[in-house]
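Q: Read top to bottom, the protein sequences are chains A and B. With our numbering, the residue at position 4 of the first sequence is 4, and numbering never jumps. Numbers in our numbering are just positions in the second sequence, counted from 1, shifted up by 112.
One or more of the hints may lead you astray.
Chain B regions said to be covered by chain A (calculated; three or more residues, Cβ under 8 Å) [stated by the list, open to error]:
#: 1; region: 151-163
#: 2; region: 166-180
#: 3; region: 215-222
Bear in mind the hints are in silico, worked out from the structure with no lab data behind them. All C-beta atoms, glycine included, are put in the ideal place defined by N, C-alpha and C.
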Amino acid sequence: GDSVTQMEGPVTLSEEAFLTINCTYTATGYPSLFWYVQYPGEGLQLLLKATKADDKGSNKGFEATYRKETTSFHLEKGSVQVSDSAVYFCALSDITGNQFYFGTGTSLTVIP
Amino acid sequence: NAGVMQNPRHLVRRRGQEARLRCSPMKGHSHVYWYRQLPEEGLKFMVYLQKENIIDESGMPKERFSAEFPKEGPSILRIQQVVRGDSAAYFCASSLLAGGTDTQYFGPGTRLTVL
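Please model the entire structure based on the sequences and the hints provided.
A: Written out as structure tokens, the structure is:
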């Protein structure tokens, strides 16, 4: 069945460091791929998405490219800030669109 | 445009009681999804509803759990005879369209604690 495998955390970085959070997926057909961010005590917020192969989603300095050949959607940011501290979830939408499959989440802490 | 609303934000129940969680989707959205997040885990799909219809309930436990999305009013996730293992954060999401490319917008969640 469909699934998402996400890099385990927690991840701790210094401010202005480069961030990569790996995400790979298994799916039938061509799913849409998403990154969501969850701040403490809050619900998930969409960070970015890509709906077809080679699409690049980007938002707030974060970006991820839909790589069909490697079934990956790695999240990157060139220079993280303290305010980026949160839990990041990779997700895919199955071909029916009925449900999303989420990774287990990667906790990021950015220290000044 | 208000986002997805969930209430209550926090709910405490004793074992054996019923829990009712409410979700009002974004204005104009007719597709609602419920997810459960256990401590230190990702979100797990429970059920997908459109107005008055359950489309996919493959993630719902077979017993004690039910969901509805009536023609008028919010979607309700009902858990009967709660047990400690039901303690979790329950998130509702809504989308404008069905299908895989549309974004699901999430509410702030209801954190259920079963004593």
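Q: Look at each hint and say if it fits the structure.
A: Now the hints, each set against the structure:
Beta-carbon proximity to chain A at under 8 Å applies to 6 residues in the region 151-163 of chain B; the threshold of 3 is reached and the given coverage holds. Beta-carbon proximity to chain A at under 8 Å applies to 4 residues in the region 166-180 of chain B; the threshold of 3 is reached and the given coverage holds. A count of 7 residues in the region 215-222 of chain B with a Cβ less than 8 Å from any Cβ of chain A is obtained; the coverage claim is therefore met, three being the minimum.
Going through the hint list in order, the structure satisfies each hint without exception.
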